[in-house]
Structure formats: structure tokens, C-alpha cells
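Peer 1: Listed here are the chains, written in short residue letters.
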Amino acid sequence: MDQDSQDKQREFNDEALVHLDTLYNVALRLTGDAADAEDLVQEAVLKAYRAWDRYERGTNCRAWLLTILRNTFINEFRKRSKRPDPVSFETVEELTVFENVQDVDPEGSFFRHIVDDEVRRAIDELPEEFRTAVVLSDVEGLSYAEIAQVMGLPVGTVKSRLFRGRRRLQRRLYEYAVEMGYIRP
Amino acid sequence: MRLFWKRKGPAGPRPQDIDCGQVMQRLYEYIDGELDDPDLVARIRAHLELCQRCYPHYGFERAFLRFLAEVRDGAPPNLRRRVFQRILEEETRKG
Ligand SMILES: [Zn+2]
Chain A
46 MDQDSQDKQR EFNDEALVHL DTLYNVALRL TGDAADAEDL VQEAVLKAYR
96 AWDRYERGTN CRAWLLTILR NTFINEFRKR SKRPDPVSFE TVEELTVFEN
146 VQDVDPEGSF FRHIVDDEVR RAIDELPEEF RTAVVLSDVE GLSYAEIAQV
196 MGLPVGTVKS RLFRGRRRLQ RRLYEYAVEM GYIRP
Chain B
2 MRLFWKRKGP AGPRPQDIDC GQVMQRLYEY IDGELDDPDL VARIRAHLEL
52 CQRCYPHYGF ERAFLRFLAE VRDGAPPNLR RRVFQRILEE ETRKG
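Each protein sequence line maps, in turn, to chains A and B. Add 45 to a position in the first sequence, counting from 1, and you land on the number used in my numbering. Add 1 to a position in the second sequence, counting from 1, and you land on the number used in my numbering.
Hints listed in this document are in silico derivations from the structure and should not be mistaken for laboratory results. Since the model is a prediction, treat every value here as computed from it, not as a measurement. The C-beta atom is built at its ideal place from N, Cα and C for all residues, glycine as well. Treat each hint with caution, since some may be false.
What the hints assert, rightly or not - Chain B regions said to be covered by chain A (calculated; three or more residues, Cβ under 8 Å):
id: 1; stretch: 51-63
id: 2; stretch: 70-79
id: 3; stretch: 84-92
Take these sequences, add in the hints, and give me the full structure.
Peer 2: What follows is the structure, given as C-alpha cells:
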């Protein structure tokens, strides 16, 4: 292997592969399946490696990689996804859960009782356009501008998806907590 | 509009400079640090400090978001090795 290849691999390792955990976590929430998530990450990383010369040095590498990952998911993975895509614009109550809990648990301690698997399931049940925004923001800590870049949307749309996605997720977790008796309805 | 002030505010923006509805509308942007208008940030902060209705709601939303941040899954240990393998194959294929 020549020196150029080795340099490229080293640079790619230092700048891109440090984001592997983020890529995997987002892939897992997009596909809902561990094996699919690994395939998706491998495909996306390989594409990124091939396009590495076109990555503009010093710009946001994490957002660049996530853009490739999400486009790969939409173009190649969504079709063979094992779970049906939830209906996107079904009417769901998007009122804040705070109204329900303010008298019994205003600090939201009931969240602490919900196991991680149930949270993952609730996230996975969100329609993709909400799910991606919520995962990028609230699990991975991306800014609105970064999410807008990854999803190819105006910042205003990101805001509203985040707002609605969070409210839906909150409602789902609250209903689960009520079912399990973690909080009085 | 009914107000629920806890006490008299300090100098600076007064809590009534923005109403509860407007605060709720911008609450996530405020929590996320995504408001670029410093005056608006100051007005919301002054309101939250003194409004007995909005302040607990603010605490609840923050608890929810802190909770979400904890469900992160890391990549399985083998994935890094497999990704490297694919890259090496790519370089070998290229010759
Ligand atoms: Zn208020």
C-alpha cells in the first residue's frame, strides 16, 4: 500500500471514525435492528471514504457523515426495513404532558422508572421525520443548524419537527408510565 | 391574562414583558440555547424566574430532555474492525 493510501486512512480514522458511536446509534434508531444498523454504518462509512477527497477540511465532519448515513438509509435501507414505517401525519395529541402531571409529579420523576428498552421502543415508533430530528438533537446533541444540514431542511422545519417529535415521545412515555403504575393518571 | 408572580423582579426585563403563551412557544429553543436574540433570552429568563406556572413546566421539560440523552447506544466492539476491513478491501481492490 502506498504512502498516500496510508495517509488517507490515518486521516479518515482520526477525523471520521471517531464518530463511529454516533453513526451506529443513529443507524440503530433509523433501522430499528442491530444487524441492519451495522450494515448501514459500513455502507455509509465506505461511501464517505470514497468521497473523502470531496470532504471540505475543517467543516463539520460529524454532520457530513450523518448526511451520508441518512441518505443511504433513505435510498437503500428503508425499502427493506423489517418494520412498517409509521404513518407520518396521523393526528396525535401534541399537548404537553406537563398538564397531566403537574399535580402529581411536576418534576417528571416518573421518567426514571422507565427502562431504556422502553424508551428506545418509543423513539423507534416515531415517524422517521420526527425520530431523526429527536435522536440527532436529544441523544447526539446536534444543533438545529447541523440537523438542518443532515436532513436537508430549513431550520424552521427542524424546529417544528423537534417540537412535535418531543411532544409525541413524551406522551408515549407518559402513557407507558401510567400503564405500568409509575404515575397516577 | 392571569399572572402568577412569586415576587417582585430585579432590575432589567420584567416578567410581564412576555406572556406565558409566548414563553411556552419558545421554551425548547430557550432550553436548547438556540435563540439568537439576547433580549428575548433575557425576557424569557426573567419570566421563568418569577412565573409560578412556567417555571415548573420548564423544569419538567429539562428533566425529560436529560432523560432522553441517556439512551445512547455505542457501536459494538467488532464494528470498528469490520469497517477497517472494508476500507482495506477497498484499497486492495483499487490496487
Ligand atoms: Zn408564565
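Peer 1: Residue count check for the stretch 70-79 of chain B against chain A: does it reach three with CB-CB under 8 Å?
Peer 2: The restraint on the stretch 70-79 of chain B holds, since 8 of its residues have a Cβ under 8 Å from chain A and three suffice.
Peer 1: How does the stretch 84-92 of chain B fare against chain A when you require at least three residues with a CB closer than 8 Å, holds or violated?
Peer 2: holds (count 5)
Peer 1: Count residues of the stretch 51-63 of chain B with a Cβ under 8 Å from any Cβ of chain A, then say if the count reaches three.
Peer 2: The restraint on the stretch 51-63 of chain B holds, since 5 of its residues have a Cβ under 8 Å from chain A and three suffice.
The structure agrees with every numbered hint stated previously.
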